[in-house]
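K.L.:
These protein sequence lines are chains A and B, in that order.
Each residue of the first sequence is one higher than the one before, counting from 1 in the working numbering.
Each residue of the second sequence is one higher than the one before, counting from 293 in the working numbering.
Simulated from the structure, these hints should not be mistaken for laboratory data.
Do not take every clue at face value.
Said to hold, decoys possible - Residues of chain B placed beyond 10 Å of chain A at every Cβ, according to the derived structure:
no., residue
1, Gly-428
2, Met-456
3, Glu-508
4, Gly-514
5, Pro-543
6, Ser-562
Said to hold, decoys possible - Beta-carbon label-pair distances, calculated as ranges:
no., chain 1, residue 1, chain 2, residue 2, range
7, A, Thr-184, B, Asn-440, 16 to 24 Å
8, B, Thr-407, A, Lys-110, 57 to 65 Å
9, B, Glu-544, A, Glu-233, 52 to 60 Å
Computed from a prediction, not measured in an experiment: that's the story for all the values here.
Cβ atoms here follow ideal geometry from the backbone N, Cα and C, with glycine treated the same way.
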Amino acid sequence: MKELVIISGKGGTGKTSVAASFAGLAGRVVIADCDVDAANMHLVMAPVTRETTRFSGGKIALISPEICAGCGKCLDLCRYDAITEENGSYAIDKIACEGCGVCAYFCPAKAIEMVDDENGEWYISDTPYGPMVHARLGAGGENSGKLVTLVRNQARQIAKKNKTETILVDGSPGIGCPVIASITGADAVLVVTEPSMSGLHDLKRVVSIGRHFGARVLVAINKYDINLDMTDEILGFIKDEELELAGRVHYDIDVTLAQIAGKSVVEFSDGQAASDIREMWTNIALALELEE
Amino acid sequence: MKIAVASGKGGTGKTTVAVNLAARAGLRGESAIYVDCDVEEPNGHLFLKPEIEEIRRVEIPVPVIEDEKCNSCGECGKICHFNAIAMILDKVLLFPELCHGCGGCFHACPTGAITESPRDVGKIESGKAYIDAPDGRKVVEFIHGVLNLNEAMPVPVIRDIRKMIPEKKWVVIDAPPGNACSMVETVRGSDYALLVTEQTPFGLNDLELACRTVKELDVPVGVVINRSGTGYTGVSEFCAREGIEILAAIPESMEVARIYSRGDIIVNESGQFASVIDGLLKKLEERTGSAR
Ligand code: SF4
Ligand code: SF4
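Next comes chain B alone, as it looks inside the complex (with noise of 0.2 Å):
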């Protein structure tokens, strides 16, 4: 089962809950895997710590002009969404970092004096994390992306990560942080998109945006409320007026924002929050029945 974990925002805790989902999961011995699609700024692999198997390049075809064949018409300019192509004077100039890949001037060119050839944006590493239960250590499997740096274009790194998921009882999916393409491409043909929030009137604004979007999405959702205990209640009315479900609370704590801040797995040292997660667990199944 699909699980996307998501927030309208980063730092609500998205992170904190997709890692400890994947890693109490694995605990409990069943199979799981936690993917991390925030590839302009993956942190899974902080707490985690996984040893990577493989490594993977993502590109993105980008044109190559042979001038000798170039006879000036244009015609790249003129089909160019993206002005990654121009004309200046009679030489045709290309702009790689802003090219998206279409074809479109490849196809359009009237002498074949286009050709494509692979630019590299970002790449997917793969492999395993292992967590230490008190009856052994347990795997969880790992995918992770990274955009490169100043690369602007993170969509084609999540879609080659969604084609690489394998089945498991547990996929666990860090979504990017914010509603725009990257989180849409992450979240659609999800099983269940998890909202992380906090609860204050900016995690309640950052909430409804959340919803808005995945409810577009088609994709059924619930929310966790990170740090709860603040006394604000907004959320939870906000919850009970859209008829969605909070499957968690996550009391604000000291210990918890320690242990996170050391870059450990909570789950494996605090067992108020172990218990948590497997609340959660325990709910998601019943949700998206695949409980066994």
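Chain A on its own, in the form it takes in the complex (with noise of 0.2 Å):
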């Protein structure tokens, strides 16, 4: 079983298209969308739900006016400003509590209790190309990294049990919790990034991370024909730091019109995109040695 997870430093490099893309080349897979804050793949994926859970990033304190004796005590305590007060009555601001549970554990009068801060819910969806977990994780939804677990290990799971060679995981975007839990233990790294200066700086960070948790990181430059110049530079960059180059896709409106239409790039088009990208696919199913 191979775990390939696409990543790009930032969202919008197009890093979704060439991930369903890669699911309609691979034959028998098991995809996961792992951007759980902003999930994109079932637009694609024309998905059918066949089990949802909900799904509980962490605790928040909830307080109970009829106890509350109006001490004060966890305002005093309270390190995320997430207590009001008006009028002597207290209450949490939802949006500020981190859940760290100080005010409940001290309050003199046992009137905070933590509750589960239900924000998301998780699908296991058939998809033309083979089963799919994905996520929906709600407004200033905390815990998306264990979200992303969450959603990887189901995916393993079902590839286990289908006896599936390989999963596609569309990663999260920046370098934060969800992206380290994108990618731990994953076989591959695919960072798609662009030509440009912002592109080429979050290459720089993200392959960082990617080396930091020991993972084979390949490279695949977008729109590369927008910016020769700055392709030589990420090209240098690529040689210097002795990463793998899967590949490069020219700037193709179709990438777009294959979104409006609801598919993936190479199921809309046999265009210069479309090409490319089938391309990138064979170069990396030989480099992992996946099975066609």
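Taking the hints as your guide, dock the two standalone chains into a single complex.
P.N.:
See the structure below:
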């Protein structure tokens, strides 16, 4: 079983378009959309949801006004300014609450309870390419790292059960807790980048994270013909850092049009980008010794 | 007036809009500050190229345990909701990278064995960016936060930045992508949220999520459509249905993409783009009632 995680320093580099195309090219796969903050895979995967499960990322405090003695101890102790006081009555600002439980622990009247902060759902769905695990995190959702781990583990279990060789993970953007949760223990990480100043900057940061977690790092340069000088610079970086180039994708309006049609690029088009992505997949399958 | 520029996801042009809003206001001779709260991947500095004048560390207090005073009662491990402190046999084990600095263990320890010492999680740099106008150099103030690599908690950095923001006619805040804790921490307390989106199904999906989050924060909201002209109408239909105003549309342009990829400020080089940003500034003044 091989797990390939597709990430980008930032969103909008075409990561999901690439991942969706790979799903179509890979044959039998299990797909995991770990971009739980703003999942998009479902828009081009036509999933039919089979199972929905509620997710609680953590706890938040709840004050029972009847029991509260109004001493103000919680207000003094809270380091997140999450306790509000109005005319002697105390309440929790749900958005600011970190769920540390300090107020509940020290409340002399035992007026505070820590309750599950249910702020997401995750799904197992069927798609034309194989099963897909995906999720949705509610507003201000905390602990997306935990949800990412959950989605990945589910995908692995399904892959094991179905004896599927390949797991494709659409990773989380950024470099924080969710992306760390998306790549730990993966066989390989494909970083999709763009030839721009910020693209290179993000690539450098994300590569150092991939390294830190011991993953094999491959790089794809999307829209490489927008700025050939910058593409050269990225190629130089790949060489210096001894990363592997998975491929280059032309700027192609078909990528946007495919999205509008609700299809993956390779399914929608025979154009430049589609053939670049096909070629890239062949390289990756070879590099990872995936069975076609 | 504090304008938070957000988007469900990265890569929609959020930083482009934020940087150019601040730059254009500065060019017109108005007092402006650009604040980058995308602390996991701040990119605004690549375009504004500020001269950094001051660097502040961001620290959170983490416990330090004095072995001689510890009687292994385990209270600290019991109060910690983040598994940052645990009893292994009769020894207290600390995992500083999981610690949220809530102070619970410090307060709970009955023998006074716990003190707190600051742990460095990131930094805030501030200074000035200079923009060349035909009639001389103009200043845009600049603040950004940078989360240390392999650090998972952006919120403390954002919280510290928010405390540092000075009063200016234009406070343009570049929010982190997504809808999770760090985006919420950035947008709450702003006078207006500008959501940048693209005219594609991915863009619409991300916009819907972002709108839901911002509505919960009770901040007035407007939309900027970037790379418009795809022929997709979902975004405008959504805005019409929800009564959300579209304040500006930035046409897809190779020229803009090229200027961006070089890391230059677009309003300085593209008259067409500058007039879109001027229109946006005017509408923001009207909507927030701060027109003079
Ligand atoms: S510590 Fe308990 S009793 Fe005191 S104000 Fe807070 S909730 Fe009320
Ligand atoms: S300060 Fe809070 S989060 Fe940190 S170890 Fe102590 S109880 Fe846990």
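K.L.:
Each of the hints needs a verdict: does it hold here or not?
P.N.:
Hint-by-hint comparison with the structure:
Annotated as non-interface, Gly-428/B keeps its C-beta farther than 10 Å from every C-beta of chain A; the closest such distance is 26 Å. With a minimum CB-CB distance of about 16 Å to chain A, Met-456/B clears the 10 Å threshold, and the non-interface call stands. Residue-level check failed: Glu-508/B sits 5 Å from the nearest beta carbon of chain A, not beyond 10 Å. Annotated as non-interface, Gly-514/B keeps its C-beta farther than 10 Å from every C-beta of chain A; the closest such distance is 18 Å.
Against chain A, the non-interface label of Pro-543/B holds: every CB pair exceeds 10 Å, the least being about 14 Å. The claim that Ser-562/B lies off the interface holds: its Cβ sits roughly 16 Å from the closest Cβ of chain A, which is beyond the 10 Å cut-off. Here the CB-CB span from Thr-184/A to Asn-440/B is close to 18 Å, well matched to the stated 16 to 24 Å. Between Thr-407/B and Lys-110/A the beta carbons are some 28 Å apart, a value that contradicts the proposed interval 57 to 65 Å.
Separated by about 25 Å at the C-beta atoms, Glu-544/B and Glu-233/A break the suggested range of 52 to 60 Å.
In terms of the numbered hints stated before, the structure departs from hints 3, 8, 9, listed from lowest to highest.
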